[in-house]
Amino acid sequence: MVFDTARRGFLLLTLVFFLLPFLWLAMTAYKPSNAIFSIPPHLLFTPTLDQFRNALRIFDVGSLIISSLLIAGGSMLLSLILGVPAGYALARSTHPAAMGVAYFFMTIRMVPAVAALIPFYLLMRDIGLIGSWFSVVLINCVLNTAFVSWMMYSYFRSLPKELEEAALTDGCRQFGAFWKVSLPAVRSGIIASALFCVLFSWNDFLFAMFLTRLDSKPISVALLSAYGTKDITWGTLGALAHFSTVPIVLIVLVLNRYFVQGLTKGIN
Amino acid sequence: MNLTRSVESKAATGFSPVPFATRRKFFLLAMALPAVAYVIALGVFPLVKGMWYSLYEYNLLKPARTHFVGIDNYINLLADADFRGAIANTVIFTVFSVAIELVFGFVIALALWRDDRFNRVCLTLILVPVTITPLVVGLIFKGLLLADYGMVGYYLAQWGITDPRGLFATPSTALATLIFIDIWEWTPLVALILLAGLKALPGDLLEAAAVDGATAWRTFRSITLPLMLPAVMLALTLRTIDAFRVFDSVFVTTGGGPGNSTNTLMVYAVKEGLSFFNIGKASAISNIALLCVAIIAICFILMIRHFDKKANGR
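For the record, the sequence lines run as chains L and F.
Numbering follows this note's numbering, with no gaps: position 261 of the first sequence is 261.
For this note's numbering, count along the second sequence from 1 and bump the result up by 1000.
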């Protein structure tokens, strides 16, 4: 009993440690500017929406969010289209090369981004795609496709083969068996994969920073360029960070089951 | 095996003269090929090209001077004090953040082990740092720790606990602060991986130990820890590789400074390549980082195999 109380107390303290800095940022966006710069800093203030008004005035928030959505959504779709069938093939193939390909995908996920970025930048420059959000989708897709293939490989492997074999004997075509039988059975794996793709691409700024231009930059790059500019306060930055952080945190909290399951599955 | 064969041959006679096994092979190949081709074309091809660039003196600002120099870029790096500093920073950063994350993560995982409502809610909320944009994580801590008006940094400086310039602006504390940020961001992930390992432990073995009157410590040392080794190794591998590639949080908070006190390999490579357009040198740095990551990955995979063999007797 005493032990249990101590355990819960420890967990509550841990929660405070992991949540307070985030709440601080959230709070900053509702502070009037003079409260942010007050010396000494204090906790009490009258909430205001001024910072959000400032952020909307200074930044074209709509177009930033659209770019972020195009990059995250585009790379998610393309990675699923490429990665899910590959994961299926790796799980079902008995050829020794299949294991090698699975390891190859895992290795690609571990490559330091910079190593690929510089040659990729020059490649995009040569084919004239620099400055477009599509180039960011293309490079995000390399890492995401490798990740999705690896993760779906684990999901399909835990699915009994007999299910498809029965469909095949019933006269289903190979693709039909995959599409109608196997795919619906790993729905949760697909949701988890999609979630991770969106998370990776939405949170990336290194690729986007060097590959996009003004009209195609996502919200993460805007945050970086805003920070350090003289006329932008922490409040405005906090408001802008809301647009970038709150959607993704909410999605993960809502789809929390798939997030945890996907991580566990990707591990085993 | 025989059963599947007969099923396959039956299906084969139904459709076409090509045997089922062959069609199956082609089908699976066709399913895997687009992804493999894509990753090779847009992932492996640039990497190989990067290796090629590293053998050139190649600066985008001085294109006329581009010429083949062999391994000169690598030799110059070995003599480069900034580069050696970057390696040292990266290694210190990786060792300390991963070690602390593992210990702290294990304690949290043990506390979250029992499956009740309180723990489920805790686990969900604790994962928030993992999902926040790493860039925003950097901004949060920059804002909190600023010495002039940061909610925490101001008092730390006022009370004389830190240098008046603040944690990020002092060479002796900047790297430690970055390690702290990494711990904040990624300990929850380590805790989750280890929790998954704990939940997969055989319950009957732990019960038997309890029936035999083993102390909690003895059970932990002789049963929990050895069986947890694969999960621990996995957390260790993932985090070591990610910490070694650290970029976002450093770039946003200190940009490698003050001086070169927080310059990591990735930050150094990005600065050389995409700020100074020194493609040859930047490629050489990236390739060394790539080699290090590969060595780390291979070592850990071999160790995981070794522990797996020990645990499963295979």
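Honestly, the hints are just simulated from the structure, not real lab data.
Nothing here was measured: the structure is a model prediction, and the numbers come from that model.
Hints are not guaranteed to be accurate.
As the list claims (entries may be wrong) - Below, a list of computed lysine to any residue pairs in the SDA-like style, where the Cα atoms sit at most 20 Å apart:
hint, chain 1, residue 1, chain 2, residue 2
1, F, Lys1025, L, Gly176
2, L, Lys265, F, Lys1062
3, F, Lys1271, L, Gly176
4, F, Lys1199, L, Asn256
5, L, Lys265, F, Leu1198
6, L, Lys265, F, Arg1120
7, F, Lys1199, L, Gly176
8, F, Lys1062, L, Ala167
9, F, Lys1025, L, Ser93
10, F, Lys1199, L, Leu122
11, F, Lys1025, L, Phe175
Unchecked claim - If you want the ones that stay clear, here's a sample from chain L, every Cβ over 10 Å from chain F, calculated:
hint, residue
12, Arg7
13, Val114
14, Tyr121
15, Ser149
16, Ser154
17, Ser188
18, Ala241
Note that the Cβ used here is the ideal one computed from N, Cα and C, for glycine as well.
Which numbered hints fail: 2, 3, 7, 8, 10, 12, 13, 14, 15, 18
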